[in-house]
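Protein sequences, first through last, are from chains B and S. Residues in the first sequence are numbered consecutively from 0, following numbering that gives the first Met the number 0. Residues in the second sequence are numbered consecutively from 0, following numbering that gives the first Met the number 0.
Partial selection, computed: residues in chain B whose CB lies under 8 Å from chain S: (1) L3; (2) L7; (3) W12; (4) A28; (5) W29; (6) V33; (7) E38; (8) R39.
DSSO-like mimics (lysine-lysine), calculated; alpha carbons at most 30 Å apart, straight line: (9) K26/B / K156/S; (10) K183/S / K26/B; (11) K243/S / K26/B; (12) K243/S / K30/B; (13) K164/S / K26/B; (14) K30/B / K183/S; (15) K243/S / K275/S; (16) K52/B / K189/S; (17) K156/S / K30/B.
Now the stretches of chain S that chain B is said to cover, found in silico as 3 or more residues with beta-carbon under 8 Å: (18) 60-73; (19) 135-141; (20) 192-198; (21) 220-226.
These are calculated hints, taken from the structure and not from any lab test. Ideal placement from N, C-alpha and C gives every residue a C-beta, glycine not left out.
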Amino acid sequence: MELLTPDLGLIVWQLVVFGILFFVLAKFAWKPIVSSLHEREQSIDDALEMAAKTRQEMAELKAGNEKLIAEARAERDALIKRAKEASDALIADAKAEAQKVATEEMDKARAAFSQERANAVAALKADAANLSLEIAEKILRNQLADRSAQEKLVSDLLSDAKLN
Amino acid sequence: MKKLYFSNILAFLFFAATSVFAQEEHHADSTAEHATEAVTSHSEAGEAHEEGKLDLGHLIMHHIGDDHKWEFAHGVSVYLPCIVKTEKGIEVFSSSNLEDEHGNPVEYNGLKLEHGKIHAVDGSHVLDFSITKNVASMLLSAVLLIVIFLSVAGSYKKRGLQSPKGFQSLIEPIIIFIRDEVVKNNIGEKHYRRFLPYLLTLFFFIWFNNILGLLPGGANVTGNIAVTLVLAVITFFVTNLNGKSTYWGHIFAMPGVPKWLLVILTPVEILGMFIKPISLMIRLFANITAGHIIMLSFLGLIFILKVWAVVPVVTLFSVFMNIIELLVAFLQAFIFTMLASSYIGSAVEEGHH
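Put together the whole structure using the sequences plus the hints.
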């Protein structure tokens, strides 16, 4: 039963020792330790949060960059397309123009050629007529000794001449 | 008279609440009886061993109790100062004055030791505030705690937000464990910081004293009812002085219970207010004392049986028990802190019905 009887002396000493221990530890140990722990945890949390935020910003930045690149690429494609269209149109125009000019030239040439040909034929006809006349004159001079022969020849010549 | 009354209540609670310890004590008693029997039969066999006549029960009770000198080993004692308030005034003297060279109590200044307690020879009232073995051990633990935790606090101040290093990294997980798993879990995010210093002090005080008690020659501080009584009473006051309206509401008018039932429930709840700290007091005292008794009983087996062959078995068992006790030392400190936090937590809890 002695075990179960608390001694007054020990109770008083325990109160004193525990009380002093509590005040000393609370002021000089627990306060700095607990606040340091809290601060450190806070700073770790902050750092982690910051890292996550930065990562997200980076991702956003990357997405933005990709978007920009895609836009630039699209613009470039559009530009190239437009340029190609323009050049195609230009070529087509030029072709058409050239065709037109060529046709005109051909027509002109053809007209000139027909003219020339007509002129040449006319000249040739004139030359041929003159030549025939001269030949005829010479032949006539020789052959047309009599009148009937002369007349026959003239009529033949005339009928031949109509063939031209 | 008042003291006697109190110890009667304690005794009643003791046997009612902890049958475990009751068995333990019974075990110790029976071991003591065995010891006496064994020794008697031994001497009856004709071998006269004067020093063999040991009363193990008395020896164990002496070891787990308080004393005015600190006996580290047989014959190696430190005499502690006695501080006594008698009718003549306060007297301070060494406890070596109270016994002769054979360890028998002698009278000094009208004071004499009776069963380890200082009494006045003339029967007048004496108040004993001596630095006993338990007080000395407690002071030692307090010095140890202050030195250790002030140095740890120093490294926190020095290292700032850097990661812990050295001794700091040994202590830090324990502090964080107590803070997060014990205090924060039970008291809640809002109030826990207020009670953290008390509960940390409580935990480390109990733990350190438990461990110091396990050392050879160590005192049984946390296995002393006066020590656990003070810790329980402080916890009682911390709990009830911080009681919120919800807490008192649950004691005096449990919500959601028919009025007539309150007649039964309210006294039970009021009783509960006191039973909680009393259970804290008895649990720690009983567990630590029981551990000491078991260890001493094992070692006592050697002296009872007086057979060499028993030594390895006893050694093995003692080592095993010592390891268990090391665990118990932590566990009981943890449980005390855990329950204290849960009582405080229930007191500061906000209504959520």
